[in-house]
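Each residue of the sequence shown is one higher than the one before, counting from 1 in UniProt numbering.
It should be emphasised that the hints constitute simulated quantities derived from the structure, not laboratory data.
None of these values were measured; they are calculated from a predicted model.
Do not rely on the hints blindly, as some may be mistaken.
[Unchecked claim] Quick list of the computed label-pair ranges, beta carbon to beta carbon:
#, residue 1, residue 2, range
1, Gly198, Arg136, 27 to 35 Å
2, Asp329, Glu160, 49 to 57 Å
3, Lys190, Gly372, 21 to 29 Å
4, Glu151, Gln290, 26 to 34 Å
5, Ile288, Glu355, 28 to 36 Å
We treat Cβ as the ideally placed atom computed from N, Cα and C, and that holds for glycine.
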Amino acid sequence: MAKKTTRKNKSKVEEQPQDDEAVSQKFEQMRLNAFTATGALTSKETSRDVKIEQVTLTFHGKELLSDTTVEINFGRRYGLIGQNGCGKSTFFQCLAVRELPIPAHIDIFHLSEEAHPSDRTALQAVIDDVEKEVKRLEAEEERLLEEEGPESEELFDVYERLERLDPTTFIPRASEILIGLGFTTSSMQKKTKDLSGGWRMRVSLAKALFIKPTLLLLDEPTNHLDLGACVWLEEYLANYDRSLIIISHSQDFLNHVCTNIIHMAQSKLKYYGGNYDTFIKTKAELEINQMKAYHKQQEEIAHIKSFIASCGTYANLVRQGKSKQKIIDKMEEAGLVERVVEEKRFNFAFPPCGELAPPIMHFDNVSFAYSGKDEDCLYRNLDLAIDLDSRVALVGPNGVGKSTLLKLMVDQIFPTHGYIKKHGHLKIARYHQHAAEALDLTQTPLDFVKSKFSAMNKDTEEWRREIGRFGISGKAQTELIGCMSDGIKSRLIFCLMALENPHLLLLDEPTNHLDMECIDALADAINEFPGGMVLVSHDFRLISQVAEEIWVCDNKTITKWNGGIDTYKAKLKADMMNLTKQK
1 MAKKTTRKNK SKVEEQPQDD EAVSQKFEQM RLNAFTATGA LTSKETSRDV KIEQVTLTFH
61 GKELLSDTTV EINFGRRYGL IGQNGCGKST FFQCLAVREL PIPAHIDIFH LSEEAHPSDR
121 TALQAVIDDV EKEVKRLEAE EERLLEEEGP ESEELFDVYE RLERLDPTTF IPRASEILIG
181 LGFTTSSMQK KTKDLSGGWR MRVSLAKALF IKPTLLLLDE PTNHLDLGAC VWLEEYLANY
241 DRSLIIISHS QDFLNHVCTN IIHMAQSKLK YYGGNYDTFI KTKAELEINQ MKAYHKQQEE
301 IAHIKSFIAS CGTYANLVRQ GKSKQKIIDK MEEAGLVERV VEEKRFNFAF PPCGELAPPI
361 MHFDNVSFAY SGKDEDCLYR NLDLAIDLDS RVALVGPNGV GKSTLLKLMV DQIFPTHGYI
421 KKHGHLKIAR YHQHAAEALD LTQTPLDFVK SKFSAMNKDT EEWRREIGRF GISGKAQTEL
481 IGCMSDGIKS RLIFCLMALE NPHLLLLDEP TNHLDMECID ALADAINEFP GGMVLVSHDF
541 RLISQVAEEI WVCDNKTITK WNGGIDTYKA KLKADMMNLT KQK
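Sequences and hints are given; from them, build the entire structure.
Below, the structure written as structure tokens:
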């Protein structure tokens, strides 16, 4: 029987919110409470495979999925892909809260919240959750023995998991995972209340990897990781032997981890075997064959209709015409071959900038420490130059100062020693991980951009065109920003950057919420931009597309890497494997 539930939006935005965080939380609650899902479980109740048919999912009245099938086979690793705003994260939330009839014995972990800040260390926080999981499994073991007996199918899985969760191995195994995710021996002993949100999210991810739930849902798990941790996680998940679904913008990551791809488009879930590259090839071949079949069928229908029209009123021909009409009726009843509907693609560009004499920015013997004390310096005696033709990717572990360097460039902070000299006419546009916080969630994109750049004196249609160039079109321009996906918000930020008409782009993790097509559009826009660019990213593919120089930030300095990002990734992989083996 189909299970149907309705989740109504119980939160409304106050006209005068207390602060930006309160507004953000209200809109997030609206997003979580505003969907409706129905579906019918058709797989066995005791199976670790899940198949739910006739699935429909709506969000704020918009139909995200319609009469489709959710199929998750145990031991497979799925990549869930689709354009920004299609509903991937909402679909994850639907699975996580069991709005669809997923059997109770299938435990689900949805990576959506940071570890709770407390006096517990990062290491102990992971072990605490594993101990709770052991207790849960022991209780499940007792229940199954009482209700179903020792021959229960589910019982064998419980025994297997309890055997793997050996308490004597908790500390070394938890330490190995935390180190793989970027912690040091000392930082994993820090209290979680003293860790930033990004590091607490790593603790939450470590819990999930250690517990190994039957169904693990990871929504952009690399967003808070540096390149080294991304490489480690990629290798770890490639051996995940239970059910895994990942939303990721990284083609490299999906290629290495996934055994299957789920494509969310046109309100359907379509399934493909193989990794992302295989999906692209298979999808293209299927669409070519589908269009051939479509044109052949349409020609056949046109030919039949032409014959029917020529029959006139002659009795014998009328009978033949009716017979031919029955052929068309049967074809329509069976379902006509549909024309391939291409997903909307968009291209955008940063406007051309005027020439400036090099260097447009020069670091002259720069040292920096947040405390101002020499012994706390993140950087010492930097001597760097950036020109309009610079295409630089900053790489290195988290915490070494990549984002700090960008803050120095925009005068958000200032050198402890030395000077940063800039061209007097230099204009800089910066994208950073908290850029969305500058958006007014209670306004529409159209109203926000008009108010932000009121001095430009453009009319409404001109503003619509400006915003539309970044893939925000139609009704989306007049919906509240707070109700939009993170990917659409990111596009709006790029629109704001372009309107600043910069000479230099500073991009700190710009791909965190973008779909594949948007990342490619961003890469094209960067490559066509006549100004300079400095990029911080964990997306190896984007770096390979746009960076001409790799600068390694580590050991309080910056050194140029001799080689491309592929050779740097190979070094990271070897380093991370050696590090975790030593522990």
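Hints and how they fare:
In this structure the supplied range 27 to 35 Å holds for Gly198 paired with Arg136, their Cβ-Cβ distance being about 28 Å. The hinted range of 49 to 57 Å is satisfied by Asp329 and Glu160, whose Cβ atoms lie roughly 55 Å apart. Lys190 and Gly372 have their C-beta atoms about 23 Å apart, which keeps the hinted 21 to 29 Å range intact. Range check, Glu151 to Gln290: about 47 Å between beta-carbon atoms, so the 26 to 34 Å window is missed.
Checked against the hint of 28 to 36 Å, the C-beta distance between Ile288 and Glu355 comes to roughly 46 Å, which is inconsistent with it.
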